[in-house]
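Produce the entire structure from the sequences given, and follow the hints as far as they go.
Number of protein chains: 2
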Amino acid sequence: MSKPFTIGPLNHVGVAVPSLPDAIETYRALYGATDITEPFDMPAQGVKVCFVNLPNSQIELIEPLSEESPIWNFVQKNPKGGQHHVCFEVDDIHDAVSVMKERGATVLGEPRIGAHGTPIIFVHPKNSNGVLIELMETPKGDH
Amino acid sequence: MSKPFTIGPLNHVGVAVPSLPDAIETYRALYGATDITEPFDMPAQGVKVCFVNLPNSQIELIEPLSEESPIWNFVQKNPKGGQHHVCFEVDDIHDAVSVMKERGATVLGEPRIGAHGTPIIFVHPKNSNGVLIELMETPKGDH
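First to last, the protein sequences are chains A and B. Counting in full-length UniProt numbering, the first sequence tops out at residue 143, every number present. Counting in full-length UniProt numbering, the second sequence tops out at residue 143, every number present.
Bear in mind the hints are in silico, worked out from the structure with no lab data behind them. Being a predicted model, the structure only gives us computed values, none of them experimental. Hints may contain errors.
[To be verified] Computed list of lysine-lysine pairs in BS3-like fashion (alpha-carbon distance at most 27 Å, straight line):
| hint | chain 1 | residue 1 | chain 2 | residue 2 |
| --- | --- | --- | --- | --- |
| 1 | B | Lys80 | A | Lys80 |
| 2 | B | Lys3 | A | Lys126 |
| 3 | A | Lys126 | A | Lys101 |
| 4 | B | Lys101 | B | Lys3 |
| 5 | A | Lys140 | A | Lys77 |
| 6 | A | Lys3 | A | Lys48 |
| 7 | B | Lys101 | A | Lys80 |
| 8 | A | Lys101 | B | Lys80 |
| 9 | A | Lys140 | A | Lys101 |
| 10 | A | Lys77 | A | Lys48 |
| 11 | A | Lys101 | A | Lys3 |
| 12 | B | Lys80 | B | Lys101 |
| 13 | A | Lys80 | A | Lys140 |
| 14 | B | Lys126 | A | Lys77 |
| 15 | B | Lys140 | B | Lys101 |
| 16 | B | Lys80 | A | Lys126 |
| 17 | B | Lys48 | B | Lys140 |
| 18 | B | Lys48 | A | Lys126 |
| 19 | B | Lys80 | A | Lys77 |
| 20 | A | Lys80 | B | Lys126 |
| 21 | B | Lys77 | B | Lys48 |
| 22 | B | Lys80 | B | Lys140 |
| 23 | B | Lys126 | B | Lys77 |
| 24 | A | Lys48 | B | Lys126 |
| 25 | B | Lys77 | A | Lys77 |
| 26 | B | Lys77 | A | Lys80 |
| 27 | A | Lys140 | A | Lys3 |
| 28 | A | Lys126 | A | Lys80 |
| 29 | B | Lys140 | B | Lys3 |
| 30 | B | Lys48 | B | Lys3 |
[Claimed, not checked] Selected chain B positions facing chain A (Cβ under 7 Å, derived; list incomplete):
| hint | residue |
| --- | --- |
| 31 | Leu30 |
| 32 | Gly32 |
| 33 | Leu54 |
| 34 | Ser57 |
| 35 | Val131 |
Where is the CB? At the ideal position from N, CA and C, for every residue including glycine.
What follows is the structure in structure tokens.
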């Protein structure tokens with residue numbers, strides 16, 4: 001029998017922002033963050049992202065690449081930016097998806113490769129106290 | 001010379017919810033969380049809170065105690081709940097407050113004792129990409 005499904009570490013908090021350079025400057029100049037990754041485009045997701053590395057977790061800064069971006073409307077509604085999602089690690093994404101569905105949650109789309117190179121899915125905010133939850137397969141190996 | 005100011009670990013993500021028991025049930029039944037603390041009232045802050053303990057961090061679930069609660073309006077606007085704040089640890093709260101002010105940020109109120117028993121302050125969302133940031137002095141000793 002496989003072990004019961006449970007979420008693992010809080011991998012990151014996703015913050016949607018109108019401008020990555022401005023947001024990076026905030027974390028660097030105001031909060032003194034010293035380890036911020038280089039921004040990179042994820043055209044399939046319609047976003048440009050970078051990570052503020054903290055000792056135990058990360059802030060994912062996300063800027064829409066265009067008006068087609070899934071976060072475009074969010075940034076229109078929140079012109080300064082705002083908390084967009086919380087990401088928990090899971091051992092196996094396919095196991096997670098079937099558990100979520102079995103338990104009545106609405107899984108958004110099919111598993112796809114996320115910013116850490118492992119498969120992810122999102123669970124609808126209506127299932128989790130208004131919070132959009134990303135589930136991400138824990139990176140194996142050098143992460 | 002003291003070391004330069006920087007934020008430490010991501011202590012927790014604060015999620016405001018209309019009902020702690022329902023939110024606890026979500027984390028237990030849907031996400032399989034097994035370590036959730038007993039809810040307790042913080043009358044001075046107008047909230048009842050509990051923590052979902054994850055291997056590296058926590059989700060703080062927060063329910064307003066009354067209409068006077070500072071999160072009452074947030075829950076009215078977000079009736080299912082929603083991400084309310086992100087909390088970073090700092091070495092020294094008084095140092096953090098003076099650095100924040102020196103750097104032009106709006107610190108909300110004076111340091112007060114937070115849910116972990118150490119002093120906290122909040123930084124206005126306008127200073128941090130629309131995200132309300134809590135700074136919390138790292139608990140010393142048995143934490």
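Here is what the structure says about each hint:
For the hint pairing Lys80(B) with Lys80(A), the CA-to-CA distance comes to about 23 Å; that is within 27 Å, so the pair holds. Of the supplied pair hints, the one linking Lys3(B) and Lys126(A) is violated, its CA atoms being roughly 44 Å apart against a limit of 27 Å. Distance check on the hinted pair: Lys126(A) and Lys101(A) sit about 14 Å apart at the alpha-carbon level, within 27 Å; holds. Taking the CA atoms of Lys101(B) and Lys3(B), the gap is near 18 Å; set against the 27 Å cutoff, the hint holds.
Proposed proximity of Lys140(A) and Lys77(A) is contradicted: the alpha carbons are some 37 Å apart, above 27 Å. Our distance criterion of 27 Å between C-alpha atoms is broken by Lys3(A) and Lys48(A), whose separation comes to about 36 Å. With a C-alpha separation of about 20 Å, the suggested pair Lys101(B) and Lys80(A) falls inside the 27 Å cut-off, and the hint holds. Note on Lys101(A) and Lys80(B): the hinted pairing holds, with a Cα-Cα distance of about 20 Å set against a maximum of 27 Å.
Of the pairs offered as hints, the one joining Lys140(A) and Lys101(A) holds, with about 25 Å between alpha carbons and a cut-off of 27 Å not exceeded. In summary, the hint linking Lys77(A) to Lys48(A) is supported, as the alpha carbons are separated by about 19 Å, within the 27 Å threshold. Distance restraint check for Lys101(A) and Lys3(A): the Cα-Cα separation of roughly 18 Å lies within the 27 Å cut-off, and the hinted pair is therefore satisfied. With a C-alpha separation of about 34 Å, the suggested pairing of Lys80(B) with Lys101(B) is violated against the 27 Å cut-off.
Proximity of Lys80(A) to Lys140(A) is assessed by CA-CA distance (about 35 Å); at most 27 Å being required, the pair is judged violated. Proximity of Lys126(B) to Lys77(A) is assessed by CA-CA distance (about 15 Å); at most 27 Å being required, the pair is judged to hold. A threshold of 27 Å between alpha carbons decides the hint, and for Lys140(B) with Lys101(B) the separation of about 25 Å falls inside it, so the pair holds. Annotation: proposed proximity of Lys80(B) to Lys126(A) holds, straight-line Cα distance about 7 Å (limit 27 Å).
Our distance criterion of 27 Å between C-alpha atoms is met by Lys48(B) and Lys140(B), whose separation comes to about 24 Å. Simply put, Lys48(B) and Lys126(A) have alpha-carbon atoms about 22 Å apart, close enough for the 27 Å limit, and the pair holds. Between Lys80(B) and Lys77(A) the alpha-carbon distance is near 18 Å, which keeps this suggested pair within the 27 Å criterion. For the proposed pair Lys80(A) and Lys126(B), the alpha carbon gap of about 7 Å is at most 27 Å, so the pair holds.
Distance restraint check for Lys77(B) and Lys48(B): the Cα-Cα separation of roughly 19 Å lies within the 27 Å cut-off, and the hinted pair is therefore satisfied. Of the supplied pair hints, the one linking Lys80(B) and Lys140(B) is violated, its CA atoms being roughly 35 Å apart against a limit of 27 Å. For a cut-off of 27 Å, the pair hint linking Lys126(B) to Lys77(B) stands: about 19 Å separates their Cα positions. The hinted pair formed by Lys48(A) and Lys126(B) meets the criterion: a straight-line CA distance of about 22 Å does not exceed 27 Å.
With a CA separation close to 14 Å, the supplied pair Lys77(B) and Lys77(A) stays within the 27 Å bound. As the CA atoms of Lys77(B) and Lys80(A) are separated by approximately 18 Å, the hinted pair is consistent with the 27 Å bound. Of the supplied pair hints, the one linking Lys140(A) and Lys3(A) holds, its CA atoms being roughly 19 Å apart against a limit of 27 Å. Between Lys126(A) and Lys80(A), the direct Cα distance comes to roughly 24 Å. Compliance with the 27 Å bound is thereby established for this hinted pair.
Distance restraint check for Lys140(B) and Lys3(B): the Cα-Cα separation of roughly 19 Å lies within the 27 Å cut-off, and the hinted pair is therefore satisfied. Restraint check: the Cα-Cα separation between Lys48(B) and Lys3(B) comes to about 36 Å, which exceeds 27 Å; the hinted pair is violated. About 5 Å separates the beta-carbon of Leu30(B) from the nearest beta-carbon of chain A, less than 7 Å, and the hint is met. Hint status for Gly32(B): holds, given a least beta-carbon distance of 4 Å to chain A, under 7 Å.
Look at Leu54(B): its Cβ gets to within about 5 Å of chain A, closer than 7 Å, so that hint holds up. At its closest, the beta carbon of Ser57(B) sits 4 Å from a beta carbon of chain A; the interface hint therefore holds under the 7 Å criterion. The restraint placing Val131(B) at the interface with chain A holds, with a minimum CB-CB distance near 6 Å, inside the 7 Å limit.
Going through the hint list in order, the structure does not satisfy hints 2, 5, 6, 12, 13, 22 and 30.
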